[in-house]
Structures are given as structure tokens and as C-alpha cells.
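Asker: Protein chains in written order, with the UniProt record's numbering: chain L, 1 to 173; chain R, 1 to 173; chain A, 1 to 173; chain H, 1 to 173; chain U, 1 to 173; chain B, 1 to 173.
Hints are computed from structural coordinates only; laboratory data are not their basis. One should not assume that every hint holds.
Chain copies aren't distinguished; within one or between two, either way the pair holds.
[To be verified] DSBU-like, lysine-lysine: derived pairs with alpha carbons at most 35 Å apart:
| hint | residue 1 | residue 2 |
| --- | --- | --- |
| 1 | K52 | K143 |
| 2 | K112 | K143 |
| 3 | K119 | K143 |
| 4 | K52 | K112 |
6 protein chains.
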Amino acid sequence: MKFEHSLEHEDSQMMIVQANIDDMNPEFSPHISDLLFAAGVNDVYWIPIIMKRGRLGIQLNVLTGAELLPEVERIIFEETTTLGLRYWPATVHRLGREFVQVQTTWGAVRVKAGFYQGKLVQFAPEFNECESIARAHGVPLKKVYDEVRNLFIQEHEDSGQIGSQAHKSKQSP
Amino acid sequence: MKFEHSLEHEDSQMMIVQANIDDMNPEFSPHISDLLFAAGVNDVYWIPIIMKRGRLGIQLNVLTGAELLPEVERIIFEETTTLGLRYWPATVHRLGREFVQVQTTWGAVRVKAGFYQGKLVQFAPEFNECESIARAHGVPLKKVYDEVRNLFIQEHEDSGQIGSQAHKSKQSP
Amino acid sequence: MKFEHSLEHEDSQMMIVQANIDDMNPEFSPHISDLLFAAGVNDVYWIPIIMKRGRLGIQLNVLTGAELLPEVERIIFEETTTLGLRYWPATVHRLGREFVQVQTTWGAVRVKAGFYQGKLVQFAPEFNECESIARAHGVPLKKVYDEVRNLFIQEHEDSGQIGSQAHKSKQSP
Amino acid sequence: MKFEHSLEHEDSQMMIVQANIDDMNPEFSPHISDLLFAAGVNDVYWIPIIMKRGRLGIQLNVLTGAELLPEVERIIFEETTTLGLRYWPATVHRLGREFVQVQTTWGAVRVKAGFYQGKLVQFAPEFNECESIARAHGVPLKKVYDEVRNLFIQEHEDSGQIGSQAHKSKQSP
Amino acid sequence: MKFEHSLEHEDSQMMIVQANIDDMNPEFSPHISDLLFAAGVNDVYWIPIIMKRGRLGIQLNVLTGAELLPEVERIIFEETTTLGLRYWPATVHRLGREFVQVQTTWGAVRVKAGFYQGKLVQFAPEFNECESIARAHGVPLKKVYDEVRNLFIQEHEDSGQIGSQAHKSKQSP
Amino acid sequence: MKFEHSLEHEDSQMMIVQANIDDMNPEFSPHISDLLFAAGVNDVYWIPIIMKRGRLGIQLNVLTGAELLPEVERIIFEETTTLGLRYWPATVHRLGREFVQVQTTWGAVRVKAGFYQGKLVQFAPEFNECESIARAHGVPLKKVYDEVRNLFIQEHEDSGQIGSQAHKSKQSP
Numbered sequence: 001m002k003f004e005h006s007l008e009h010e011d012s013q014m015m016i017v018q019a020n021i022d023d024m025n026p027e028f029s030p031h032i033s034d035l036l037f038a039a040g041v042n043d044v045y046w047i048p049i050i051m052k053r054g055r056l057g058i059q060l061n062v063l064t065g066a067e068l069l070p071e072v073e074r075i076i077f078e079e080t081t082t083l084g085l086r087y088w089p090a091t092v093h094r095l096g097r098e099f100v101q102v103q104t105t106w107g108a109v110r111v112k113a114g115f116y117q118g119k120l121v122q123f124a125p126e127f128n129e130c131e132s133i134a135r136a137h138g139v140p141l142k143k144v145y146d147e148v149r150n151l152f153i154q155e156h157e158d159s160g161q162i163g164s165q166a167h168k169s170k171q172s173p
Numbered sequence: 001m002k003f004e005h006s007l008e009h010e011d012s013q014m015m016i017v018q019a020n021i022d023d024m025n026p027e028f029s030p031h032i033s034d035l036l037f038a039a040g041v042n043d044v045y046w047i048p049i050i051m052k053r054g055r056l057g058i059q060l061n062v063l064t065g066a067e068l069l070p071e072v073e074r075i076i077f078e079e080t081t082t083l084g085l086r087y088w089p090a091t092v093h094r095l096g097r098e099f100v101q102v103q104t105t106w107g108a109v110r111v112k113a114g115f116y117q118g119k120l121v122q123f124a125p126e127f128n129e130c131e132s133i134a135r136a137h138g139v140p141l142k143k144v145y146d147e148v149r150n151l152f153i154q155e156h157e158d159s160g161q162i163g164s165q166a167h168k169s170k171q172s173p
Numbered sequence: 001m002k003f004e005h006s007l008e009h010e011d012s013q014m015m016i017v018q019a020n021i022d023d024m025n026p027e028f029s030p031h032i033s034d035l036l037f038a039a040g041v042n043d044v045y046w047i048p049i050i051m052k053r054g055r056l057g058i059q060l061n062v063l064t065g066a067e068l069l070p071e072v073e074r075i076i077f078e079e080t081t082t083l084g085l086r087y088w089p090a091t092v093h094r095l096g097r098e099f100v101q102v103q104t105t106w107g108a109v110r111v112k113a114g115f116y117q118g119k120l121v122q123f124a125p126e127f128n129e130c131e132s133i134a135r136a137h138g139v140p141l142k143k144v145y146d147e148v149r150n151l152f153i154q155e156h157e158d159s160g161q162i163g164s165q166a167h168k169s170k171q172s173p
Numbered sequence: 001m002k003f004e005h006s007l008e009h010e011d012s013q014m015m016i017v018q019a020n021i022d023d024m025n026p027e028f029s030p031h032i033s034d035l036l037f038a039a040g041v042n043d044v045y046w047i048p049i050i051m052k053r054g055r056l057g058i059q060l061n062v063l064t065g066a067e068l069l070p071e072v073e074r075i076i077f078e079e080t081t082t083l084g085l086r087y088w089p090a091t092v093h094r095l096g097r098e099f100v101q102v103q104t105t106w107g108a109v110r111v112k113a114g115f116y117q118g119k120l121v122q123f124a125p126e127f128n129e130c131e132s133i134a135r136a137h138g139v140p141l142k143k144v145y146d147e148v149r150n151l152f153i154q155e156h157e158d159s160g161q162i163g164s165q166a167h168k169s170k171q172s173p
Numbered sequence: 001m002k003f004e005h006s007l008e009h010e011d012s013q014m015m016i017v018q019a020n021i022d023d024m025n026p027e028f029s030p031h032i033s034d035l036l037f038a039a040g041v042n043d044v045y046w047i048p049i050i051m052k053r054g055r056l057g058i059q060l061n062v063l064t065g066a067e068l069l070p071e072v073e074r075i076i077f078e079e080t081t082t083l084g085l086r087y088w089p090a091t092v093h094r095l096g097r098e099f100v101q102v103q104t105t106w107g108a109v110r111v112k113a114g115f116y117q118g119k120l121v122q123f124a125p126e127f128n129e130c131e132s133i134a135r136a137h138g139v140p141l142k143k144v145y146d147e148v149r150n151l152f153i154q155e156h157e158d159s160g161q162i163g164s165q166a167h168k169s170k171q172s173p
Numbered sequence: 001m002k003f004e005h006s007l008e009h010e011d012s013q014m015m016i017v018q019a020n021i022d023d024m025n026p027e028f029s030p031h032i033s034d035l036l037f038a039a040g041v042n043d044v045y046w047i048p049i050i051m052k053r054g055r056l057g058i059q060l061n062v063l064t065g066a067e068l069l070p071e072v073e074r075i076i077f078e079e080t081t082t083l084g085l086r087y088w089p090a091t092v093h094r095l096g097r098e099f100v101q102v103q104t105t106w107g108a109v110r111v112k113a114g115f116y117q118g119k120l121v122q123f124a125p126e127f128n129e130c131e132s133i134a135r136a137h138g139v140p141l142k143k144v145y146d147e148v149r150n151l152f153i154q155e156h157e158d159s160g161q162i163g164s165q166a167h168k169s170k171q172s173p
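Build the full structure now, drawing on both the sequences and the hints.
Answerer: What follows is the structure, encoded as C-alpha cells:
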């Protein structure tokens with residue numbers, strides 16, 4: 001059963017925004033990630049780096065559509081301790097995506113399938129749903145993942161039930 | 001008391017210069033950072049990376065004005081062991097900065113205040129001065145920082161004594 | 001089909017050997033790992049660390065039976081640049097292990113199954129065999145893994161074909 | 001206002017438990033940390049390491065009272081993909097702790113104060129409470145921290161209101 | 001004795017391709033690096049990063065000529081678990097290179113010499129040849145490197161035997 | 001010319017002291033390292049780790065003689081933000097060391113030679129002296145190292161001028 005799908009595409013209006021931070025309480029990072037994701041950015045990630053005087057700093061990275069740049073800058077400057085940030089344009093290439101459901105012993109679980117030039121190349125169980133099952137049923141999370149992947153392979157991978165014509169040609173905006 | 005100030009601005013003539021190094025004695029890194037900073041670059045940082053054959057390499061990163069690129073390349077090629085480097089342009093956005101002094105039990109300490117669209121968003125005690133006090137008086141560095149931050153908040157944060165009109169509009173060159 | 005098995009056990013005669021290295025060419029690390037594994041140690045791993053003066057150093061770690069300590073020390077002192085190393089005793093707890101085969105489209109592949117108190121808790125396709133198939137047949141490695149895991153789950157996980165009585169009680173030497 | 005306190009002490013019945021993992025989906029780590037903390041361990045942390053063949057592995061570390069070792073082993077073996085783990089005894093030295101409240105503009109916030117040989121050496125605002133305030137009032141988290149720290153210093157640090165006699169001598173069990 | 005040489009040059013038709021991966025088995029990384037190198041890319045490296053929910057993810061980075069971008073994307077999407085990647089153009093500056101041989105006690109070993117504006121600035125023994133000697137003769141690899149470097153310095157560094165006119169002016173395409 | 005030497009030995013009265021820190025300003029780390037080294041510890045190093053809630057924490061590690069443990073604890077508790085630390089005993093094995101001088105074009109430089117069971121296994125130019133030369137003469141640091149290593153190999157490595165009888169048998173206290 002399909003929930004939603006989106007087509008493979010490229011987006012050349014993306015920005016990578018970066019700031020090196022060597023004087024911030026690490027407790028703040030997850031909260032700052034939350035604010036940035038809530039603002040609609042595509043990704044937030046942190047990289048350990050060695051800065052001036054051998055300090056273990058952290059580099060904040062944000063991948064965002066260019067239209068969100070002012071808001072991203074506002075959050076970074078108001079919430080982190082950095083006095084500067086930098087950014088440059090990048091092109092993003094995203095696979096076509098479709099959600100399908102598999103029926104496990106413990107109930108339905110969504111799987112996100114990825115399409116490259118119309119071909120299924122990747123599938124990933126939805127983490128939240130797998131974790132809920134693991135907690136509710138006292139089952140190891142890795143076992144839930146195995147079950148979901150197993151069912152997906154049996155039910156969907158070769159049957160062509162997913163991967164409609166819509167995914168077969170790569171669309172560029 | 002103000003020492004100096006600079007206005008918030010963007011600079012689109014910056015370069016990020018990068019080199020992956022997997023065959024260099026790590027003792028050389030701090031010296032190479034020193035040479036690059038002495039040449040006038042804005043920032044130098046190192047990132048641990050996994051390179052060919054699983055070697056723990058180090059990625060040298062330099063953020064510099066484009067006009068220093070030839071000198072940065074010279075230093076990297078003459079001092080590191082890399083046979084290649086890469087660079088691309090980036091835009092930097094720096095906050096307006098002002099130095100103010102607070103009077104601590106141990107003497108005056110400078111604090112760097114950062115302004116975003118005219119609003120005070122960040123303040124940081126000057127590390128060197130705090131460390132000197134810690135050493136001279138046998139006080140934990142974290143305690144010196146607390147004292148300086150405390151005084152700054154009481155004396156400056158809400159009083160509007162800093163954050164002159166000069167910072168209120170963002171200036172682009 | 002079983003190839004070999006070994007019982008779950010604890011071994012309290014193990015040593016963790018460690019050396020911090022801040023002046024070695026990173027190209028040497030994989031070769032040093034090879035020598036240590038060839039000498040019979042249980043594991044060799046490297047951790048990026050920040051050492052004196054902010055150098056990115058690397059910490060060599062070896063997990064070995066105590067009887068190999070002299071040989072491990074010899075290799076570390078003759079091959080790395082360290083002037084000192086340290087070690088302390090540790091107890092290791094290893095799961096019962098059994099190799100079973102699954103028949104894939106591309107041929108047989110061994111899977112290592114792990115037993116905790118007689119219960120199957122883990123299974124892992126043999127990397128070398130999966131990689132050979134990926135190369136020989138031009139199949140993505142992740143797809144070979146999925147196939148192998150899939151078959152293992154169907155053929156072995158619930159059928160009780162593996163996990164003989166031998167694994168049911170934990171044996172201590 | 002005091003909520004609770006505990007005395008500075010040493011505990012020589014602690015264990016450090018470690019496992020190197022090079023074949024696990026990183027999505028599982030936070031869930032595994034949750035299970036371990038729920039079981040009552042003192043700390044769970046993960047270290048990026050370079051393993052065989054240059055794989056970026058992750059080292060799971062657990063600091064736990066020795067009495068929880070069987071449960072910790074059960075969780076590690078059932079939930080991670082490791083086939084072995086190791087452990088060794090360690091002594092832990094914990095500071096005396098006391099919770100005090102400060103009254104901020106946004107309400108009460110707890111601060112955890114740490115005592116070493118009866119002397120206040122550390123204080124930390126409670127993260128959850130600070131984050132709730134940041135979200136509820138749209139205030140930068142760093143600003144909430146500054147306010148709480150500021151109030152703590154003014155109200156408690158020098159007044160001797162905390163740090164009762166109970167903390168003045170180090171207690172060993 | 002010279003084997004081959006190539007001139008110092010800049011190439012502005014390079015791309016940096018990047019993907020953050022938080023749900024892949026780390027065993028796959030070396031194989032993926034192999035496929036990318038076999039496709040003709042200039043460099044592949046992996047960086048440990050902290051992603052959503054505190055997962056230890058890995059960032060795949062590829063430095064490649066722009067003409068290989070479609071093939072690089074195919075490999076990344078078919079072999080890794082990522083659903084998206086990004087790329088941006090970069091200019092690469094490579095030193096002039098020349099291979100010379102030195103005659104060691106154990107046979108000939110190639111050394112790669114690097115030229116910046118016609119000046120010898122770097123030389124590196126060929127790893128494979130040094131490692132073969134180390135294995136064949138039971139000599140520490142670091143000692144083979146010392147010998148090769150020693151001979152290179154004596155025979156080539158000051159004699160001007162390498163560094164022909166060809167390297168003296170930097171060539172830009 | 002010999003300056004000093006010390007014999008290869010083992011010391012079983014060493015301690016590894018560790019603390020995980022997730023709420024400290026990274027600017028403090030180098031200062032804390034300085035204090036610990038000044039107190040006489042053998043080594044101080046920091047490891048990036050992932051802590052609760054995905055925070056990038058830093059693990060402080062100190063290798064020290066057991067007699068310094070109280071002072072090390074005092075420094076850690078007074079200077080860092082940690083509320084607890086742990087320690088366990090370890091045996092350290094240090095190589096015999098001797099300083100010899102080589103005469104470079106730029107003056108004398110000390111080299112530290114390491115002896116394992118009486119055999120020379122390692123030599124390292126003294127960093128401070130090499131760096132001074134690099135700065136004073138505008139020579140790349142890597143070139144100074146090459147020169148010093150080159151001279152050491154020619155003058156000392158095979159001549160038996162160093163490695164007196166004193167190093168030939170391993171001494172245990």
C-alpha cells in the first residue's frame with residue numbers, strides 16, 4: 001500500500017552552511033539541530049574537528065534550500081556561539097521515493113523505497129515504527145529490522161508492485 | 001570601555017582550501033597552522049578522515065580571502081606532504097564585533113561581543129586574558145570565565161551600553 | 001551444513017595493550033595491524049586522539065591472550081614509533097559460534113551464527129564470500145548481504161537446525 | 001531549596017564493558033543506549049574507531065556496577081551485532097551532589113552542584129528544564145543557561161547556603 | 001632513473017560529491033571505495049559525523065573529474081544506502097610529479113617526487129614496494145622508509161638530477 | 001654526544017584516569033592538559049566520544065604514577081565540569097632512552113633514541129629544536145626533520161656509538 005511518493009530530481013538551489021565552534025557547551029547541539037530541522041532544512045550534521053590551539057571543536061553543517069538561508073543564519077547566530085559562518089551553493093540529487101507497507105507479526109510497518117532512474121536501488125524500514133515495535137514487544141530492534149527487510153524482499157522487490165512508470169525517467173526542475 | 005569594533009558584513013571573495021594528507025608526521029600540524037595564521041588566513045582546522053587502505057588521514061582546511069590563495073598554496077605545498085589541494089569559493093557572513101571590558105576581582109578582562117542585525121547575540125571572554133589570570137592567581141579557568149560572563153551580563157547585556165547604531169543595519173561591501 | 005563450531009566461554013587471561021602515537025606516518029598502520037593479526041592477536045583497532053600540543057595522534061589498541069604479550073610488545077616497539085606502551089588484564093566473553101551455509105543464486109555462502117546461553121542472537125554473512133560474489137557477478141554488495149540474510153532467516157532461524165545442545169549452557173574454562 | 005543530595009564517595013565495584021562493532025546499522029545505537037540506561041547502568045558512550053580493513057567501527061562502552069554485568073551482557077549480545085565483549089574492574093570517584101533551585105524570569109530551574117572534599121567545585125543547570133524554557137518562551141538555550149548560572153553565582157556560590165557539613169569529609173563505603 | 005612525469009597543473013573541472021549515511025553496514029565501505037577508484041575517480045575518503053538522533057554516521061566524499069559524475073552517482077546510489085547526494089565544483093591544483101628510483105640494500109624502490117613551480121618540495125617512497133620489502137626481508141616498514149628517504153636525499157635532492165625544465169613553469173590548461 | 005639516558009623498564013604502579021565530559025567549553029582543554037603535565041603526569045590525551053542524547057563529548061585521559069592520583073583528581077574536579085571520574089591500574093613498559101646530538105647545517109639538534117632489549121628500534125628528532133630552526137631559517141619543518149634523521153642514520157644507526165651495555169638487558173624495578 002502506497003502512502004506517498006516523490007520523483008527523482010536534482011535541485012541546484014541548495015546551500016551548504018558551515019560554522020566551526022570551539023567554545024560552546026556540547027549540550028546545546030541536539031537542541032540546535034531540532035530548531036534547524038523545525039525550520040525546514042534538509043539536513044543537519046556535526047563533525048569533530050581540531051581547531052586553534054588543539055581544541056576539539058565541532059563543525060555545524062546545514063544542507064538547506066537557498067530560500068531558508070536567512071532563517072538558518074538567524075538560528076545559528078542566535079543559538080550557537082559562533083561569530084561567523086560560511087556557505088556555498090551545491091546541487092542535490094535525490095532518489096525517487098515511495099512508501100510501502102509490509103505486514104509483520106507485530107503489525108504494519110512502513111518501508112521507504114528509493115528509485116534511481118526508475119530502478120529500485122534501496123529500501124529502509126521506518127525507524128520510528130520499528131523502534132515502537134521493539135519497545136512494545138520486547139523484541140531486539142535488529143530482529144524487527146530483519147523481519148521487515150525480509151518481508152519487503154519477498155513481497156516487493158522482484159514483483160514490480162512498486163516502481164511505477166513515474167520513477168522511470170529522471171526529472172529535473 | 002570599547003577598544004575596537006567592526007561591522008557585520010558578508011564577504012563573497014573567500015576560498016575554502018582543502019588537502020587530504022595520509023603520510024605526514026602529526027607533529028608538523030600545529031606549526032603549519034601557525035604559518036598559515038601568520039600569513040593572514042581567517043581559519044585553519046584539521047579533520048580526522050579515513051583514506052585509502054583504511055589509513056587515518058588528516059584533512060587540512062583553510063578559510064582565506066581569495067587574495068591570499070597563492071601564499072596559502074605555497075605554504076601547503078612546501079610544508080605538508082600533499083601532492084595536491086583543492087579549493088572553491090564561499091561567502092562568509094561575520095557578525096559585528098565589539099570589545100568591551102569588565103572589571104573583575106583580578107583586573108580588567110576583555111570580552112568580545114557579537115552583533116547580528118544590531119542585536120547582541122553572543123559574548124565571549126578573551127581566552128588569553130582569562131588564562132593569564134587563572135595562572136597568576138591559581139584560580140580555575142572555568143571560574144574566571146563564570147566571573148567574566150557574570151559581570152558582562154550585569155553591566156552590559158541589558159543596558160544598551162554596547163550595540164551602537166553602527167551595528168543596527170547589516171552592511172554588505 | 002556445519003563447518004565448525006566453538007562454545008560460548010569467558011577468558012580472563014586477556015590483555016588490552018595500548019600506545020599513543022603522535023609522530024608516525026599513517027601509511028604504516030595497516031601493515032602493523034597485519035603483523036599483529038598474523039601473530040595471533042584477537043583484535044587490533046586504532047582510535048583518533050588529541051595529544052600534546054593539539055596533535056591528531058592515533059592510539060593503537062590490541063586485544064590479545066596474555067601469552068602473546070612479549071610478541072605484541074616486540075612488534076609495537078619495532079614497527080611503530082612509540083617509546084612506551086601500557087597494558088592491563090581484561091576478561092573476554094565470546095559467544096558460541098557456528099558456521100552454516102546458505103545456497104544463494106550465486107552459490108554457497110557461509111554465515112557465522114552467534115549463540116548466547118544457547119540461543120541464536122546474531123548471524124553475519126561472511127564478508128569475503130559476499131564480496132567475491134559482488135565482484136564476480138556485478139551485484140551490489142548490499143544486495144548480496146540481503147539475499148544471504150534472507151535465506152538464513154528462512155532456512156535456519158526458526159527451524160532449530162542450528163543451535164545444538166552444545167550451545168545451551170555457557171561454559172567457563 | 002534542596003531536593004536531594006548524595007555524598008562524595010568512591011566505588012571500587014564498577015566495571016567498564018566494551019565491544020567493538022563493525023557491522024551494525026548506526027540507527028540502532030541510540031535505542032541500545034536507552035535499554036542500557038533503563039537497566040540502571042551509570043554511563044553509555046560510543047567511540048568511533050578504525051577496525052580491520054579500515055572500516056569505521058564503533059566501540060560501545062558501558063560503565064556499570066558489577067552487579068549489573070549479566071544484564072549488560074544480555075543487552076549487548078541480544079541487541080548489537082557483536083560476537084564478543086570484554087570488561088575489567090575500575091574504581092569510580094563521584095563528587096557529592098546537591099540540587100538547588102534558582103528562580104529565573106521564566107520560573108524555577110534546578111541546578112546540580114558538585115562538591116569535592118566539601119568544597120563547591122562545579123554547578124550545572126538541569127538540561128531538561130532549561131530546554132523546556134527555551135522552547136516555551138522562544139529564548140536561546142545559551143541565554144537560559146547564562147541566566148541560570150548567573151543567578152546561581154549570585155545566590156549560592158559565595159553564601160555558603162549549600163555545601164553543608166555533610167559534604168565536608170569524603171566518605172568511602 | 002625516471003619512469004614517468006606529469007606537469008604541475010590546475011583543473012577547474014572537478015567535482016566534490018558527498019553523501020551522509022547513517023544506516024549502512026560499515027563493512028561495505030572499503031568495497032565501495034574500490035568500485036569508485038576503479039571507475040577512475042581521484043580520491044575517496046570517509047569522515048565520521050554525528051547525524052540525526054546522535055547516530056554516528058559516515059560521510060562519503062569523492063573527488064572526481066566532472067565527466068565521471070554520472071558513473072559516481074550510479075555507484076553511490078546502487079551500492080550505498082543513501083537516498084540523496086550533493087556535489088559542487090572545485091578547482092584542483094596538482095604538483096608536477098616524477099618517479100625516480102633509488103637502489104636500496106633490498107633492491108630498487110620507486111620514489112614519487114613532487115614539484116611546485118619547478119622546485120622539488122616533496123618526495124614519498126612508493127608504499128607497495130616498501131611493504132613488499134618489509135614482508136620479504138622481515139624488516140620494519142619504518143626502517144625501509146628511512147633507508148629509501150635517506151638514499152633519495154643523498155642521490156637526488158640537491159643534485160638537480162630531477163626537476164627538469166619541464167617543471168619550472170606552472171602550466172594551466 | 002650523550003646528554004642523558006634512562007633504562008628500559010616496566011612500571012606496574014601506573015593508573016589510567018578517565019572522565020567523560022559533555023558540558024565543558026572546549027577552550028579549557030589545553031589549559032587543563034598544561035596543569036596536569038605540570039603536576040608530573042606521564043600523559044594527557046583527549047578522545048572525541050558520543051554521549052547521552054548524541055552530544056559530542058570529550059573523554060579526558062590521564063596516564064599517571066599512582067602516587068599522583070590525589071593531585072590528578074583534584075585538578076580534574078576543580079578544573080573540568082565532570083562530576084565523576086574513574087581509574088584502574090595499568091603496567092607501563094618504557095623503552096631505554098638516550099639523547100644524542102647531530103650536527104646539522106643549522107646547528108646541533110638532539111635526537112631521542114629508543115632501545116628495546118638493548119637494540120636501537122626508534123629515533124625521533126626533538127620537536128622544539130627542529131621547530132626553532134624552521135622558524136629561524138625559514139626552512140620547512142619536514143626538511144629539518146629529514147636532515148636530522150638523515151644525519152642520525154649516517155652517524156649513529158649502524159655504528160654502535162649509542163646503545164651501550166646499559167641498554168642490553170631489560171631492567172624491572
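Asker: Each hint should be assessed against the structure and marked as holding or not.
Answerer: Hint-by-hint comparison with the structure:
For the homomeric pair K52 and K143, the shortest alpha-carbon distance between copies (22 Å) is at most 35 Å, but the shortest distance inside one copy (45 Å) is not. Taking the shortest alpha-carbon separations for K112 and K143, both the intra-copy value of 18 Å and the inter-copy value of 16 Å come in at or below 35 Å. Taking identical chains as interchangeable, the C-alpha atoms of K119 and K143 lie at most 35 Å apart whether they share a chain (27 Å) or sit on different chains (14 Å). For a Cα distance limit of 35 Å, the shortest separation of K52 from K112 across copies, 17 Å, qualifies, whereas the shortest one inside one copy, 42 Å, does not.
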